[in-house]
Amino acid sequence: MRRLFHPDVGAGRDAPGPLTAWAIVALLAVLHAAPFLITFVEGDFARDLDQATRIVEGSSWPMRGPVLAWTLNLGPVWYWLLALPLALTHSIAAAVAMVALLSALQFPLAYRLGSEVAGRAFGLAFAVFLALPGLASLQGIWIAHPSLVPSAMLVVALCAWRAGTLGSPSWWIVSMLASGLALHAHPTTLPVLALPLAAAASALRAGGASGAVRSRSASSPC
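The opening residue of the sequence shown carries number 8 in our numbering; numbering runs sequentially from there.
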């Protein structure tokens, strides 16, 4: 767990200090989240809030999520996720704020992943490029389950990277669980499943080796 927040991250000579980098990342996250709190509630999100309200009231226990193109249903995690702040606060604003927070997590996640892959400067550049205006800017003015796609994919990527580089079965299991949850956000997260699969050999090989060492230690005489 210590590594999750304080890993050894390389930094180039011209890389900003960690406090400066985190301040920039925090600013990007705030600027991303702010529009969520002043935008409108469109039809799909209103439908999702209604379903979440039914969960809170106990009148519905959905096993299927939002429908895509009138043919395919996502998983129901999105509805249950929205139900959590509604159950605690009975406030639509709280539900919107939660979505904004989860969506804004893409920036610290991008910074962490980029930093671990190629150093602090690369991680900061990754986060900054995510913030550039484009189609992703719609996340803050059209709130829906796709708003969570970047954060979900980056969680999978970060866990898979640590599983592969650390040879960690635990991180690999987390990456696979994150992949399953990411699919509840949108099918466009499916390609990121390739990352845990790519890390599987390294992580499971390390797990098998450590298991063999423990077995030999247990069977050896005192």
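Please note: incorrect hints may appear among the correct ones.
[Stated by the list, open to error] Just the calculated beta-carbon pair ranges, DEER-fashion:
| hint | residue 1 | residue 2 | range |
| --- | --- | --- | --- |
| 1 | Leu26 | Ser67 | 19 to 29 angstroms |
| 2 | Ala205 | Trp149 | 28 to 38 angstroms |
| 3 | Arg71 | Gly141 | 43 to 53 angstroms |
| 4 | Ala101 | Pro198 | 30 to 40 angstroms |
| 5 | Thr27 | Val63 | 40 to 50 angstroms |
| 6 | Thr172 | Ala53 | 35 to 45 angstroms |
| 7 | Trp68 | Ala125 | 42 to 52 angstroms |
| 8 | Ala33 | Arg71 | 28 to 38 angstroms |
| 9 | Ala33 | Leu145 | 15 to 25 angstroms |
| 10 | Leu26 | Trp77 | 42 to 52 angstroms |
| 11 | Thr172 | Leu95 | 33 to 43 angstroms |
No wet-lab data here; the hints were simulated from the structure.
We put the CB at the ideal spot given by N, CA and C, even for glycine.
Original post:
Any of the earlier hints contradicted here, and which numbers?
Top reply: Hints 1, 3 contradicted; others consistent.
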